[in-house]
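Protein chains: 2
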Amino acid sequence: MNTEEKEQGHAGEEELAAKQQAGEQNPEGADTGEQTASEEQGGVHAELAAALKLAEENNQRFLRAQADFDNFRRRTRDEKEQFAKYASLKLIEQLLPVVDNFERALATSKDNKDFDALLKGLDMTFRQLDQVLATEGLQRMETVGTPFNPEFHQAVMQVESEEHEEGTIVEEMQKGYILKDKVIRPAMVKVSM
Amino acid sequence: MNTEEKEQGHAGEEELAAKQQAGEQNPEGADTGEQTASEEQGGVHAELAAALKLAEENNQRFLRAQADFDNFRRRTRDEKEQFAKYASLKLIEQLLPVVDNFERALATSKDNKDFDALLKGLDMTFRQLDQVLATEGLQRMETVGTPFNPEFHQAVMQVESEEHEEGTIVEEMQKGYILKDKVIRPAMVKVSM
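Protein chains in written order, with the working numbering: chain A, 1 to 193; chain B, 1001 to 1193.
These are calculated hints, taken from the structure and not from any lab test. A few of these clues could be false.
Said to hold, decoys possible - For lysine-lysine, the following DSS-like pairs were computed, each having C-alpha atoms within a straight-line distance of at most 27 Å:
1. A:K113 with B:K1113
2. B:K1085 with B:K1190
3. A:K190 with A:K180
4. B:K1113 with A:K175
5. A:K90 with B:K1182
6. A:K190 with A:K85
7. A:K85 with B:K1190
8. B:K1113 with A:K80
9. A:K113 with B:K1080
10. B:K1085 with A:K120
11. A:K90 with B:K1110
12. A:K110 with B:K1182
13. B:K1090 with B:K1190
14. B:K1120 with B:K1175
15. A:K180 with B:K1113
16. A:K182 with B:K1090
17. A:K182 with B:K1080
18. A:K90 with A:K80
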């Protein structure tokens, strides 16, 4: 519809240019007698009517474009609100089975007090949680042994090291995370000096 | 800017109506001699020039409104993409401490094999996870003892019951969840008959 409107817009311009040219071919104030003047006058009146019609058409086109814009803006705002309200819906739906398993493992262990069963159950639950977050685009940084990079790492301590080159991460205090291409938490690390 | 454009639009219409009225006050074809015809002709030409100018102004106004619309549409699309890409960012950031604690509890227990410490640590982690999801607007349904409602519950079995009225939920097989005002998983329940 937008393209169509644009074409109409161009057509309007060409029409207008044609009228202006036609006007130049009948220059005004040429006193060639009563009847000719009257004839020319009729032509000018026709041109005037056409020009007024075009002006009104262009005005309607403008008002329509503006109304379309207003509707789109309103719709966009509503969509944004809905989207923000349920932004986390997809992730939460994926997390429900994790919550189920977590809850079940805890409830079962409170009865049977089996350490190995609890650890095994929760190890699986943890891997499931990790998997859900990975599907969303979350990646853990692997830091130990790599060169310190302030874009990804936060140095909390510098330590002497015989085995490592200067500026190498020797220990990780807290995991660093990347979501898609954004560092959402830098890794907290110890760096060799 | 939109309101301003609208006012201009109305002004254009009034101007146009005024011109049309002016045209009627000088009816065409009144042969009152060479000079008067020439004078009137001059007036019509001025009106024509004004009408053509108005048509062009309205056309420019239309093209500008359309360009504004196009820009807005493009910007909206880009914003939507960015928003979708990082829709779960806020929730994931809140989940990172849960992941940290979960991981730490498992790692510690693998060394010391202390059942009570593991259960206590993971009980806290579970409550923390539950709290994060509650903050996002997730609510668990409380079902047992309440009347069955197909909007919220899925009946997996009907059971005889002396103690409960017909259609009462007597047992919950799987938790039901509501996100804000939306049922994202109905509770799976046993219902008395």
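Hint by hint, here is what the structure shows:
| no. | hint | in the structure |
| --- | --- | --- |
| 1 | A:K113 with B:K1113 | holds, 12 Å |
| 2 | B:K1085 with B:K1190 | violated, 40 Å |
| 3 | A:K190 with A:K180 | holds, 25 Å |
| 4 | B:K1113 with A:K175 | holds, 24 Å |
| 5 | A:K90 with B:K1182 | holds, 13 Å |
| 6 | A:K190 with A:K85 | violated, 40 Å |
| 7 | A:K85 with B:K1190 | violated, 32 Å |
| 8 | B:K1113 with A:K80 | violated, 50 Å |
| 9 | A:K113 with B:K1080 | violated, 50 Å |
| 10 | B:K1085 with A:K120 | violated, 34 Å |
| 11 | A:K90 with B:K1110 | violated, 33 Å |
| 12 | A:K110 with B:K1182 | violated, 33 Å |
| 13 | B:K1090 with B:K1190 | violated, 37 Å |
| 14 | B:K1120 with B:K1175 | holds, 23 Å |
| 15 | A:K180 with B:K1113 | violated, 36 Å |
| 16 | A:K182 with B:K1090 | holds, 13 Å |
| 17 | A:K182 with B:K1080 | holds, 17 Å |
| 18 | A:K90 with A:K80 | holds, 16 Å |
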